[in-house]
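Q: Using the sequences and the accompanying hints, generate a full structural model.
Protein chains in written order, with my numbering: chain A, 1 to 112; chain B, 113 to 601.
Rather than coming from a laboratory, the hints here were simulated on the basis of the structure. Treat each hint with caution, since some may be false.
If you want the footprint, here are the derived chain B segments under chain A, 3+ residues with CB under 8 Å [stated by the list, open to error]:
#1 375-381
#2 439-447
Taking beta-carbon pairs under 10 Å as the criterion, some of the chain A residues facing chain B (in silico) [claimed, not checked]:
#3 E44
#4 Y46
#5 R47
#6 Y51
#7 V53
#8 D54
Just so it is clear, CB atoms sit at the ideal spot from N, CA and C, and this is done for glycine as well.
Spelled out from the first residue to the last, the chains are:
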Amino acid sequence: MKFVTAIIKPFKLDEVREALSAVGVQGITVTEVKGFGRQKGHTELYRGAEYVVDFLPKVKVEAAVRDDQLEQAIEAVEKSASTGKIGDGKIFVFDLEQVIRIRTGETGPEAL
Amino acid sequence: MRKLFAALALLGAMVFGAPAWAQDAPAATAAPAMTAAAAAPAAAVPAATTPAPVPNKGDNAWLIVATAFVMLMSIPGLALFYGGLVRSKNMLSVLMQVFVTFSLISVLWVIYGYSLAFTEGNAFFGSFDKLFLEGVTPDSVAATFSKGVVVSEYIYVAFQGAFAAITCSLIVGAFAERIKFSAVLLFMVLWFTFAYTPIAHIVWYWAGPDGYVSAQAADKLNATAGFMFQKGALDFAGGTVVHINAAVAGLVGAYLVGKRTGLGNVAMAPHSLTFTMIGASLLWFGWFGFNAGSALEANGTAALAFLNTWIATACAALSWLVAEWIFKGKPSMLGAASGAVAGLVAITPACGFVGLMGAIVIGLLAGVLCLWGVNGLKRILGADDSLDVFGVHGVGGILGALLTGVFASPALGGTGIYDYVANKVADSYSITDQLLVQATGVGITVVWSAVVAVVAYKLVDILIGLRVPEEEEREGLDLTSHGESAYHY
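A: The following block contains the structure:
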């Protein structure tokens, strides 16, 4: 099993969710986050004062998938989250050791 | 009958200078039979033969509504305007400081403030004659700017009280985000007592128009008025008394309380310009009561003040954001809101004296000049006036006070100065002379407010300390001073 974490542009969330559902991903967890990559921040001007905003708002999407779903899931996020402009985000993939469904106690791929 | 007396006085008026009329008329003039004659200085002249004037219901109704307008512009208007400009961890502290200052001054006003400001005393202070509003009853009346026209004194007390309360609340913006709550309260008591009430007396107190029946009577009555009123300073709704007064106290506070911890290193961007926009809009709305209400009557002057308040504000919002667009690259919501407030401030002393074209010029200049006030001037001054109380209210107030002297001229579409002895607008109007008088008024207010503020802050510092500890400042005043937070994420 793999654990996929994608950092995406906030307005792309709906498309990413649809794309992941379409390839059979059963559930995702979404968090509003802030951070920076190559896009860096921007400056804001209030009356005379200028502030550099280092951290830009992004959305973090997390999903646990079966090994055989991984390629499709990555492709789905890549396509749906892309605008071609700087700041589209990144996808991180981790090995996932164990999954437990709390209600039934199922473990492993059946719990996904 | 009274008109007859006044007409007889026409001749004397040619010899003596016209009594200028500044903003608010004061205390009871023709007191009803129930109240002591001593409380009615102006009643002495013709009242013996005329029945006591009865408040006009329309004027009374308008003043009641106008007073409520001024309360709305303070809370929540001013509180939200300021609140949106601070960081989210200090939101409640600013709302609280404005809310509680407003409440505190309201109480002090009826206990002794009104008496000190609006009873006859000397040229600088009133008396304690109406301590605890002694002698004021539902039948008591206060003079307006028209002979024989009065309003109920209770609503006059309330209207002026709302002014006192919002003036003190304005100061909060200058030392926001680091001052001790108890220090705010003690400072407000001191400054209100020794700066607000005397300046209000100096600029606005007079015995009312009814006694101005001859040049001699006028001279005698003028001698009982406030110092700047005697000089003929024009301040329709409080450019000096409210804005310059509060702005100077704020600037002194910004120096004496010191800069916010981390200024220049930590981002101190406004946390909600949405609230700031709502606040600015409520200020604009409430200012119709503030300015048009200052006519004290529901008449043409009130209508002029209303329209001027609308148009000058719109001009200033536009000029600020256009200047910002040109020099800073983008027109901002904060710029539009700040420009509107700058325009409101600048038109305040002028609104009942200048014509619409004067208002447009005042508004356009106010927007650009106050933008400089929060940028160039702020850097020169070097004080951390957190929410630019001086940059907007000080600069805008001084500009407005001076330009009132220019655009009140009938030659420039203004109303001129009304001569209560001749019962008509004075024939001559010297812009230079009036400018000089206006500048004197500005100077006295700046010096008076600054001196009182320095002493008051020093005293508070010695007694309870001005600032919260640095850790509390970093954590935010909402939690550390008030034990609650504005937002739950």
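Q: Evaluate each hint against the coordinates.
A: Hint by hint, here is what the structure shows:
1. Look at the stretch 375-381 of chain B against chain A: 3 of its residues bring a Cβ nearer than 8 Å to a Cβ of that chain, three or more, so the hint holds.
2. Coverage of a stretch by a chain is defined here by at least three residues with a beta carbon nearer than 8 Å to that chain's beta carbons; for the stretch 439-447 of chain B and chain A the count is 6, and the condition holds.
3. Annotation: E44/A was flagged as interfacial toward chain B, and the flag holds, the nearest CB pair being 6 Å apart, inside 10 Å.
4. Hint status for Y46/A: holds, given a least beta-carbon distance of 6 Å to chain B, under 10 Å.
5. Below 10 Å, beta-carbon pairs count as interface contacts, and R47/A has one with chain B at about 4 Å; its hint therefore holds.
6. With a least beta-carbon distance of about 5 Å to chain B, the hint placing Y51/A at the interface is held under the 10 Å criterion.
7. Interface hint at V53/A: satisfied, since its Cβ lies 7 Å from the closest Cβ of chain B, which is below the 10 Å cut-off.
8. Restraint check, D54/A versus chain B: the minimum CB separation of about 9 Å is within 10 Å; hint holds.
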